[in-house]
Amino acid sequence: MTTRIIGVILRELAIFITVVMILSALIASSEATLRGESIGSALHPANLVNKTKEYFQFSADVFKNEDEKVITITRGNSTLIYYIPTPHSIFTSTVGTTPGTSILLTLAILSVSLLLILIFGALWGLRAGYREGIPDRILRILGPSFSAIPGWFWAVALLWILWWKLSVLPLSYLDYIHRASVEGSVTVFTHLKGLALPILTLTLVNIPVYAMTVRNLIIRAREEDYVITDVLKGLPNGRIERKLLRVVLPSFLTFTSYSFLNLLMNDMAVEVLFNVPGIGRTFMIGVGELIFYLKGSMLFFASLIMSTLYFVNASILEGLYLKLDPRVRRDE
Amino acid sequence: MSKFSVLIIAFFIAFSIIGPHMVVEKNAENWNNASYWKYNPIGVPPEWYGKLAGLPKTEWLEGTYQNGSFVYYYDFHYESVPQNILVIPNLTKSLRISIVDPRGKEYSVWNGIVPDSLNLATIRSSIMNIAEEKCNPKPTWSQLLFHNPLKAVFAEPGTDCVFHFVPLKGTYKIVITGTFGKLEPNDEPKVRVLGLSYGRLGTDAYGRDVWTGYAYGARETIMVSILGAGILALLAFAVGSLSVISTKFGSIVNAASKILTSTPSLPLAVLLVVILGHIEYGLTPNDIKIHVNPYVMALIVAIVFIGTSSREIRSIVEEELRKEYIESSRAMGASPLQILRFHILPVLLPYVVYLFTISVPGIIAFITLLGFFHVVPGFNWGTIMSTPLMAGIARYVPYWWQIVPLGLSLGLIAYAFIDLGRFLEIRFLKRSKT
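Protein sequences appear in the order of chains F and U. Our numbering applies: residue 1 is where the first sequence begins, and numbers increase by one. Our numbering applies: residue 1 is where the second sequence begins, and numbers increase by one.
These are calculated hints, taken from the structure and not from any lab test. Ideal Cβ positions, reconstructed from N, Cα and C, are used throughout, including at glycine. Worth double-checking, as some hints may not be accurate.
[What the hints assert, rightly or not] Calculated cross-link-like contacts (lysine-lysine; reagent style DSBU-like; alpha-carbon spacing at most 30 Å):
#1 U/Lys51 / U/Lys93
#2 U/Lys258 / U/Lys248
#3 U/Lys51 / U/Lys190
#4 F/Lys165 / U/Lys57
#5 F/Lys165 / U/Lys51
#6 U/Lys26 / U/Lys289
#7 U/Lys169 / U/Lys138
#8 F/Lys323 / U/Lys258
#9 F/Lys295 / U/Lys289
#10 U/Lys38 / U/Lys248
#11 U/Lys190 / U/Lys173
#12 U/Lys3 / U/Lys93
#13 F/Lys295 / U/Lys323
#14 U/Lys93 / U/Lys182
#15 U/Lys57 / U/Lys173
#16 F/Lys69 / F/Lys295
#17 U/Lys258 / F/Lys53
#18 U/Lys57 / U/Lys3
#19 U/Lys138 / U/Lys173
#20 U/Lys38 / U/Lys258
#21 U/Lys323 / F/Lys323
[Claimed, not checked] Listed next, with one range per pair, are the computed distances between beta-carbon atoms:
#22 F/Leu235 / U/Ser2: 52 to 60 Å
#23 U/Leu408 / F/Gly133: 28 to 36 Å
#24 F/Arg220 / U/Leu349: 21 to 29 Å
#25 F/Glu132 / U/Ser2: 19 to 27 Å
#26 F/Leu166 / U/Pro185: 26 to 34 Å
#27 F/His178 / U/Lys289: 29 to 37 Å
#28 U/Gln338 / F/Arg137: 42 to 50 Å
#29 U/Val100 / F/Val186: 44 to 52 Å
#30 U/Phe4 / F/Leu235: 54 to 62 Å
#31 F/Thr79 / U/Ala255: 20 to 28 Å
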């Protein structure tokens, strides 16, 4: 089993490296196109290696806590002061936070959203699939609608109600945290309240979609002999539902595996919308830097983090499949 | 599948063809030209909403020539005052402008040369004179400026013009005459009331007509999504077919699709747009134009989405190839081409059509999402999305007329195509599995 897990991780690592190299080549080509140079020269191996090194160097340097360098030149009576920004200072001044916090914010939004989707989606789908009734009827209406309407629309609807009309939750995470820090009262709850709208959006969009998957699985599972036996034995519904949960949990791996990139994409938009200085905002700034200043380093950094998140997600899930899926275990 | 879904799809396809002809093409061409929209009110809802809420509409006033003067009649029957009133002269003569209220009382508001256009609400001295005469208590200029100076013009005399505004309803006259003599009939200036509602879908934070963005953007959005889904389906079909003929090709495709599936879609799409498109820079960040041929854009979205689709297609083909009847065919000497033609294609084709239907809404949502990152290749619905974000989120929240029609359209299109996909799944896919 361990050898197979290592094999899976190595395979995912090879894919990750290939993806990063492709992205680096594309960013270098974009820079060349915008400068009016030929793509051929950008893709020349020597140039490409240099560019990739430059991008990686920037991505590593953003984590070095260095302030901008100051060079003072005095000529006669006049003094010239040059400020040379470091990757770290460029990042913090444009994104609004440190790279570590930026990654952490994206991870926090994604993980809390996934946890809420798992809990509420599984419970709703289980109830709808096993007992049917009103939860099932509601789900059958909401499931297709939610999978059809893009996530950003729900984000706007939520901010309309919860910020504009009811003033319950803050709209801009950055502004909210800045205000709280001025007042000297930044706690974990402050961050959670600031992130409430982005998390709610991602959760709300995905709960009916996941619940629908669970519901369909439960409907299939309830026809199985072992469930019918349990019913005939007169076991209470709650106990049968707990047993059915075992069927549901691996389905979450499939859901997460298939929808992670989609979730990440929605997260990018939601971060931009709610002013969260996560990887989505970094990506948006990176796009601006590429188009306006012909510099692709920031975009590369954001893409690198996105690819890393996907690599980690794929490795963990593929590994868990090997552990949890009985068919895979039987194949050994 | 419900008839409603078919109707929705037919409606939007027809709209994508007719829609661009329902707007002035010059409006679309000047979308990023801020000065082009200066005669529009900023951030106002649609006219139909204005009618329900009693908001003044945006309109050009018809002028009549009377004894060397032009007289414009404005029927004011609203609870709120217009955002502004513009006088746009077509000559450089010195003009005298006055407003006559429904009681017949005349207020002089301007006497001098009007260079380009004159905003009546910004003429401080005249407005303050009117306020002094009509308002009780007399407001300060900053109070008026904050609440709209035209309140002083349209208020009932003797009332609080600012905090408890009571309108004086009726027909107002705007009289424009020459300072030093009569105007000629061909000297006619234009007068535009910038109301609190505009057109079919209102205006955005730059005064741009949202309907133009919606109707003109529909063509490219729907064309790219249908074409992109078509290319995607064709590519998926090719991948599936060739996997049957060559095992080596199948493995290569599998590896390539795994790499594509693991590549973040947003950076991939943005970079392909930059490489394959052409960028024009204006004076401000808002002026940037990204030109991408719609066919190329369709190819880009197909490439972005092909990873997952080709993996699904390949797994379907592999599952089919493992079945006993195909083994029997092989044993009887059937060639890969015969297996493809007689056994795989009947299974593959309905899935490819199904893939096409479910890809359309995904591609539309994706194109719109690109607008969030200021990457708007061409003129599509992403154009409308990028504007509110550029204007700043706090400013854009009240502009529901920018978001709701777009969101509802996307939702309806998505629902209809998903319904069509489900119909195909039940009608063909489940049958072929049995």
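Hints, one by one, checked against the model:
Distance hint between U/Lys51 and U/Lys93 is unfulfilled; the C-alpha atoms sit about 38 Å from each other, more than 30 Å. As the CA atoms of U/Lys258 and U/Lys248 are separated by approximately 15 Å, the hinted pair is consistent with the 30 Å bound. Proposed proximity of U/Lys51 and U/Lys190 is supported: the alpha carbons are some 24 Å apart, at most 30 Å. Distance hint between F/Lys165 and U/Lys57 is fulfilled; the C-alpha atoms sit about 25 Å from each other, no more than 30 Å.
Taking the CA atoms of F/Lys165 and U/Lys51, the gap is near 23 Å; set against the 30 Å cutoff, the hint holds. Distance restraint check for U/Lys26 and U/Lys289: the Cα-Cα separation of roughly 16 Å lies within the 30 Å cut-off, and the hinted pair is therefore satisfied. Annotation: proposed proximity of U/Lys169 to U/Lys138 holds, straight-line Cα distance about 21 Å (limit 30 Å). The hinted pair formed by F/Lys323 and U/Lys258 meets the criterion: a straight-line CA distance of about 22 Å does not exceed 30 Å.
Taking the CA atoms of F/Lys295 and U/Lys289, the gap is about 18 Å. The hint holds against a cut of 30 Å. This hinted pair does not check out: U/Lys38 and U/Lys248 have alpha carbons roughly 62 Å apart, beyond 30 Å. Annotation: proposed proximity of U/Lys190 to U/Lys173 holds, straight-line Cα distance about 14 Å (limit 30 Å). The hinted pair formed by U/Lys3 and U/Lys93 fails the criterion: a straight-line CA distance of about 63 Å is larger than 30 Å.
At most 30 Å may separate the alpha-carbon atoms for a hinted pair to count; F/Lys295 and U/Lys323 exceed this at roughly 53 Å. The suggested pairing of U/Lys93 with U/Lys182 holds, with an alpha-carbon distance near 11 Å, which does not exceed 30 Å. With a C-alpha separation of about 17 Å, the suggested pair U/Lys57 and U/Lys173 falls inside the 30 Å cut-off, and the hint holds. As the CA atoms of F/Lys69 and F/Lys295 are separated by approximately 20 Å, the hinted pair is consistent with the 30 Å bound.
Restraint check: the Cα-Cα separation between U/Lys258 and F/Lys53 comes to about 25 Å, which is no more than 30 Å; the hinted pair holds. Annotation: proposed proximity of U/Lys57 to U/Lys3 is violated, straight-line Cα distance about 37 Å (limit 30 Å). Only pairs whose Cα atoms come within 30 Å are accepted, and U/Lys138 paired with U/Lys173 is accepted, the gap being roughly 24 Å. The suggested pairing of U/Lys38 with U/Lys258 is violated, with an alpha-carbon distance near 51 Å, which exceeds 30 Å.
Taking the CA atoms of U/Lys323 and F/Lys323, the gap is near 28 Å; set against the 30 Å cutoff, the hint holds. Between F/Leu235 and U/Ser2, the C-beta spacing of about 40 Å breaks the proposed range 52 to 60 Å. Between U/Leu408 and F/Gly133 the beta carbon distance is about 30 Å. The supplied range of 28 to 36 Å therefore holds. At roughly 27 Å, the beta-carbon separation of F/Arg220 and U/Leu349 lies within the given 21 to 29 Å, and the hint holds.
The hinted range of 19 to 27 Å is satisfied by F/Glu132 and U/Ser2, whose Cβ atoms lie roughly 22 Å apart. Range check, F/Leu166 to U/Pro185: Cβ separation about 57 Å, and the 26 to 34 Å hint is violated. One distance hint, 29 to 37 Å for the beta-carbon pair F/His178 and U/Lys289, holds here, with the actual separation near 34 Å. About 49 Å separates the C-beta atoms of U/Gln338 and F/Arg137, a value consistent with the hinted range of 42 to 50 Å.
U/Val100 and F/Val186 have their C-beta atoms about 60 Å apart, which leaves the hinted 44 to 52 Å range violated. The supplied range of 54 to 62 Å is broken by U/Phe4 and F/Leu235, whose beta-carbon atoms lie about 43 Å from each other. Range check, F/Thr79 to U/Ala255: Cβ separation about 60 Å, and the 20 to 28 Å hint is violated.
Violated hints, in rising order: 1, 10, 12, 13, 18, 20, 22, 26, 29, 30 and 31; the structure is consistent with all others.
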